[in-house]
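Student: From first to last, the protein sequence lines are chains S and D.
Everything in the first sequence is counted per my numbering, starting at 46 for the first residue and increasing by one.
Everything in the second sequence is counted per my numbering, starting at 46 for the first residue and increasing by one.
Mixed in with the good hints there might be a few duds.
Heads up, the list lumps identical chains together, so a pair's fine if it works in one copy or across two of them.
Claimed, not checked - Here are the simulated EDC-like cross-link-like pairs (lysine to aspartate or glutamate), alpha carbons at most 20 Å apart as the crow flies:
#1 K242 with E152
#2 K214 with E118
#3 K242 with E91
#4 K220 with E244
#5 K101 with D272
#6 K88 with E118
#7 K88 with E166
#8 K101 with E225
#9 K242 with E202
#10 K242 with E203
Worth flagging that the hints you see were computed from the coordinates, not collected in a lab.
Remember, it's a predicted structure, so these values are computed and weren't measured experimentally.
There are 2 protein chains.
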Amino acid sequence: MDFSELKSVCCGCTIRELCLPAGLTDQEVLLLDQHMSHRQPVKKGESLYRTGDAFKSLYAVSTGFFKTSILHEDGRTQVTGFQMAGEILGLDAISADRHVCDAVALEDSVVCEVPFDRFEELGQLMTNLQRRFNRTLSREIVRDQGVMLLLGSMRSEERLAAFLVNLAKRFSARKQSSSELVLRMTREDIGSYLGLKLETVSRLLSRFHDEGLLAVRGRNIQILNADGLNRLVGVA
Amino acid sequence: MDFSELKSVCCGCTIRELCLPAGLTDQEVLLLDQHMSHRQPVKKGESLYRTGDAFKSLYAVSTGFFKTSILHEDGRTQVTGFQMAGEILGLDAISADRHVCDAVALEDSVVCEVPFDRFEELGQLMTNLQRRFNRTLSREIVRDQGVMLLLGSMRSEERLAAFLVNLAKRFSARKQSSSELVLRMTREDIGSYLGLKLETVSRLLSRFHDEGLLAVRGRNIQILNADGLNRLVGVA
DNA sequence: ACAATTTTTTGATCTTTATCAAAAAAGCCT
DNA sequence: AGGCTTTTTTGATAAAGATCAAAAAATTGT
């Protein structure tokens, strides 16, 4: 079986690009694909899973855009991340066999469902897969610690610049324009993620616009001065 | 071989209590112990590893207390966590085969070194161990997201209360007093972890003292009103 | 396409936390 | 033990970001 065929099957069209199996042999990808992945659409605004749901599967974002957020008892919520094609949802649920955050689609999306018990079995058979997965988990830890740095030590303008630079980098890694960003989330979502109020986010975007760093038209944002943004983040 | 013997060997004295192998059979613990763990003292103020160091091993804290921190290009640092007996150091390094934070002993400590390549091999042989480890990694993700909530949505007094409540809980899980805390870190370390300045931490401790929540004598802190603290955190 | 809702922008003001400064306390070294 | 360094406390002031408010713009449902 060659890969022109695989491309048309279930998740075959995307699974090769996903973080999860990157670095596997063709045979391994095939196995993963045949045995486990199940394509599933999620409409804009729908939850893929909610806090407290039993943990059955990981989800690889095939196309679309998600946000994850955790809830505090008193009703406050904190957006913990935004996920795009190729990124994995549900890693935090392995810990206690329950989801501990909500995952909501910010646009019509498609995910690859990967039943975790079967995935674990396969990991026992395929050393390569297991090693990849350890790294995937560890990479998420590193990402989270980066957010801790952002929230704990950066000023508001630095946080927003870091956010935009990060988004641009991820779009660019997916062969999309890294200067023309179409934000899928509200100012409030951005604010929650960055530990700021939506008004502050709005004001900062206006300021960046006035300073010639960005062209802001609602959720369409064009990066006009990437160096300037990077300088704000402190990566001089 | 019975376990009275095991207790005297290398890491045997502590490894059974560690998060890493919890839930393993005696035989499995024995294997882990014999093949992999290597006890190593770390003096107060010394680094167990530094950012950029090649990743060889994970470390389980046997006794003592550590802090981990990441560095920003411009010299700022962010304390990302404090680790005590039974907790694992180095999980973030799996991602890129390099340590991405510094781990410093805050008191004379002993760690169990676990060479990661051997650990991975063993994980392939012992399904149980591998599953445990996946959970350990996931639990760290959940912990980090809790810190994101703290930094992104809580006010200074809530952050400090959450910090103290968390410390108390962890001490208590180790059969130490949960009301008499001896802090191993400076006010500056606490501030960095909580995204506050050391003066703010000091002022808050004084205020909690005045309000009868705590008795503060330098780094000796007694929790006088645990309910009050919990109420501040929002766990009413 | 239009009314209703949600999101975004902007202004005025207030609150929280940071900054600067200096003294007091604690810890460390020999 | 005593001098030296580091840490902690506390006060006065400043700055960053939050809050409140209202209009403008964008999105959604029918």
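Student: For every hint, state whether the structure bears it out.
Tutor: Evaluation of the provided hints:
no.: 1; hint: K242 with E152; result: neither (23 Å within a copy, 40 Å between copies)
no.: 2; hint: K214 with E118; result: between (35 Å within a copy, 18 Å between copies)
no.: 3; hint: K242 with E91; result: neither (24 Å within a copy, 40 Å between copies)
no.: 4; hint: K220 with E244; result: neither (32 Å within a copy, 47 Å between copies)
no.: 5; hint: K101 with D272; result: neither (43 Å within a copy, 36 Å between copies)
no.: 6; hint: K88 with E118; result: neither (28 Å within a copy, 40 Å between copies)
no.: 7; hint: K88 with E166; result: neither (31 Å within a copy, 42 Å between copies)
no.: 8; hint: K101 with E225; result: neither (37 Å within a copy, 41 Å between copies)
no.: 9; hint: K242 with E202; result: both (13 Å within a copy, 19 Å between copies)
no.: 10; hint: K242 with E203; result: both (15 Å within a copy, 18 Å between copies)
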